[in-house]
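Student: Chain by chain, the residues run as shown.
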Amino acid sequence: MRPAEGSRAGFEPVAHTADLAVRVWGASMEELFEQAAMGLISLMLDPKSVQPASVRTVSAQAQEPEELLVAWLNEVLFAFEGEHFASASVRIKSLGGGKVTGELCGEDFDRTRHRVRHSVKAATYHDLTVKKTGDIYEVRVVFDV
Amino acid sequence: MEQRAYGMIRVGPFEWEVPQTGQMNVPVRIYADERLLETIERDNAVQQAINVAYLPGIVRASYAMPDTHWGYGFPIGGVAAFDAEKGGIVSPGGIGFDINCGVRLIRTGLAEKQVRSRIQELVNALFEQVPCGVGSSKAIASPSDQELRRICVEGAAWAVRNGFGRADDLERTEALGTMPGADPDAITKKAFMRGRPQVGTLGSGNHFLEVDVVREVFDEQAAEAFGISKGLVAVQIHCGSRGFGHQTCTDYLQTMQDALRKYRIEVPDKQLACAPLESPEGKRYLAAMACAANYAWANRQTIFALATRAFESVFGGDRDSLGMQQVYDVCHNIAKFEEHAVGDERRILCVHRKGATRAFPPGHPETPAPYRAVGQPVLIPGDMGRASYLLVGTQKAMATTWGSTCHGAGRLMSRHSAIRQAKGRSIKKELQERGVFVRYEAHETLAEEMPEAYKDVEAVVSVMHEAGITRKVARLEPIGVIKG
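The listed protein sequences correspond, in order, to chains Y and V.
Numbering-wise (this note's numbering), the first sequence opens with residue 758 and increments by one.
Numbering-wise (this note's numbering), the second sequence opens with residue 882 and increments by one.
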């Protein structure tokens, strides 16, 4: 599995029988976390239908990098599923020492304007390993839908 | 004889075993015919069932039902029992994110002819009454914190107390619709926030509300006890604990990662994270899981009452004059303490069923009184184009699979390939040509859930029938569906 030619950060959906999985890559752990969040957001709704009107800060903590990624994604998911905040973009503010803080840019969910896609239950730990090939980090995250 | 993967051997006409090797604590037992086994072998389900066999305190075998398929951590269609005295564990991933996802079946006294002529009107009324789709909410007034805590403890009884359904529905619900041991203090604020607006909503994905016709009866005695006969209309509700359960599983999977380190438990996949049944972490998860199970029962009980209103608005009269009576409500994502025979001993085990259904025999104290002579009803939803099945539990299930059987058809196609295959087609129109009127919230969901994305449920229930685990009672075919 190689990242797409010419792109140093990104995500793409991959096939999984029961659920949805996203392959994510980035030139740093920060980019990897950002792209994974965008991958998740794009499963839930069309980020292009969202206006970046306000900012919401989200953070997570965990002992190991893989656990931190899952915890972070579940916080991003909660912003939508629990607080009904639709995101257009994501930026990592700080990452390290078992803690991540990021900013979601978007607006309150509006059923009439935002194009929803899937109801994602959670990000899973299943088969989750962050790999580094050359200077590119890569991971595959399985989501339960 | 051809060599099978994982050294699998045939141990019965419909039973396969992966012998215990290496760090496995028990063997793997798979129920399947040769054709289903091929599809099972094609994905990762067998390896996942082997991984479950590594877990501490597992008793006798890691079981996979014929509808088993690749999940995450535990396979879907997996059954595993753990003994607390042998270091047994509880694993949130062995129950799933949708805690107490389950099925409710309601019989009506209406004949197919009466309903078919007004099916569009009925499906539209159901669609109006029962919110569905991504983020569906506000079927009823959002409960206060205090009410939510009551839902956690009371389950379906909360709904009945608030005017949704009747007390006799509870007698025909697994665990009487109330799981004991629930502690709302074990639930996070996040779970309450996600769950608050969603009581009485169907959600999305593979969840549905269906109007069925009893097309064929295989077991007259059991059918009669269940109030089912050929040509009658029935209603099926498939959903779970919504965001409340999803968040609860998420919260405790994180706790369990720390528990793995604390109790030095090694697992081949972090999604199998667990804690000893006797540990504070294990007990707290079970108390939270019971809250989510109760939320799901309150949810299905409320949806049933909303569906009843739709029937009353279309056909007139009331629930009694329409002959609407709950047949049963089962969960297929749950862990429960149950007494089972292990060798010559009676043991209390924590039975995990992830995409598997309880199937208790005649005479069991938990089989509802009106069904005690025939056994517990088992509800197996199929895809929305073909059929669903009503089965009944047996002594053999009790003796061999901890009183468990399959839970549905099981996916055959990924969601992506289903959407690809549906391009340029109208699934709604195709279903209509097959006599099924469908209303849906999202076009993509309908494509992902199209009939051919699933295995044929008939093959799945036939394996369990032939193996003597559950007997077929009736086949139901859909005529109207609402989907998220």
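FYI, nobody ran anything at the bench for these hints, they're computed from the structure.
All of these numbers come straight from a predicted model, not from anything done at the bench.
All C-beta atoms, glycine included, are put in the ideal place defined by N, C-alpha and C.
A few of these clues could be false.
[To be verified] Derived DSSO-like pairs: lysine-lysine, alpha-carbon spacing no greater than 27 Å straight-line:
#	chain 1	residue 1	chain 2	residue 2
1	V	LYS1143	V	LYS967
2	V	LYS1309	Y	LYS856
3	V	LYS1070	Y	LYS856
4	V	LYS967	V	LYS1111
5	V	LYS1071	Y	LYS856
6	V	LYS994	Y	LYS850
7	Y	LYS850	V	LYS1071
8	V	LYS1071	V	LYS994
9	V	LYS1304	Y	LYS805
10	V	LYS1070	V	LYS1019
[Stated by the list, open to error] Simulated coverage check for chain Y against chain V, where a stretch passes if three residues somewhere in it have a Cβ under 8 Å from a Cβ of chain V:
#	segment
11	870-878
12	888-895
[Said to hold, decoys possible] Away from chain V, derived, C-beta distances all over 10 Å, residues of chain Y:
#	residue
13	ALA766
14	ARG780
15	PRO804
16	LYS805
17	SER811
18	VAL815
19	ALA819
20	ASN831
21	ASP884
Student: Is it the case that VAL815 of chain Y keeps its Cβ farther than 10 Å from each residue Cβ in chain V?
Tutor: Nearest chain V Cβ is 12 Å from VAL815 of chain Y, so the label holds.
Student: Taken at face value, is the distance from the CA of LYS856 of chain Y to the CA of LYS1070 of chain V at most 27 Å?
Tutor: Given that 27 Å is the threshold and the Cα spacing comes to 21 Å, the pair holds.
Student: Does ALA819 of chain Y clear chain V by more than 10 Å, comparing its Cβ with all Cβ atoms of that chain?
Tutor: Incorrect as stated: the minimum Cβ-Cβ distance to chain V is 7 Å, not above 10 Å.
Student: Can you confirm whether the C-alpha distance between LYS1071 of chain V and LYS994 of chain V stays at or below 27 Å?
Tutor: It is violated: about 47 Å lies between the C-alpha atoms, which goes past 27 Å.
Student: For ASP884 of chain Y, is the shortest CB-to-CB distance to chain V above 10 Å, so the non-interface label stands?
Tutor: Given that some Cβ of chain V is not farther than 10 Å from that of ASP884 of chain Y, nearest at about 6 Å, it is violated.
Student: Grab the minimum beta-carbon distance between ARG780 of chain Y and chain V and tell me whether it stays above 10 Å.
Tutor: holds, 13 Å
Student: Compare the distance between the alpha carbons of LYS1143 of chain V and LYS967 of chain V with 27 Å, and conclude whether the hinted pair is satisfied.
Tutor: Holds: LYS1143 of chain V and LYS967 of chain V sit about 18 Å apart, inside 27 Å.
Student: Under the criterion that the straight-line Cα-Cα distance not exceed 27 Å, is the pair LYS1071 of chain V, LYS856 of chain Y satisfied?
Tutor: Holds: LYS1071 of chain V and LYS856 of chain Y sit about 19 Å apart, inside 27 Å.
Student: Starting from LYS850 of chain Y, check that the Cα of LYS1071 of chain V is at most 27 Å away, please.
Tutor: holds, 23 Å
Student: Verify this label for me: ASN831 of chain Y is non-interface relative to chain V, using a Cβ-Cβ cutoff of 10 Å.
Tutor: violated, 5 Å
Student: Okay, the segment 888-895 of chain Y and chain V, do three or more residues pass the C-beta test at under 8 Å?
Tutor: violated (count 0)
Student: Does the structure keep LYS1304 of chain V and LYS805 of chain Y at a Cα separation of 27 Å or less?
Tutor: holds, 23 Å
In terms of the numbered hints stated before, the structure departs from hints 2, 4, 6, 8, 12, 19, 20, 21, listed from lowest to highest.
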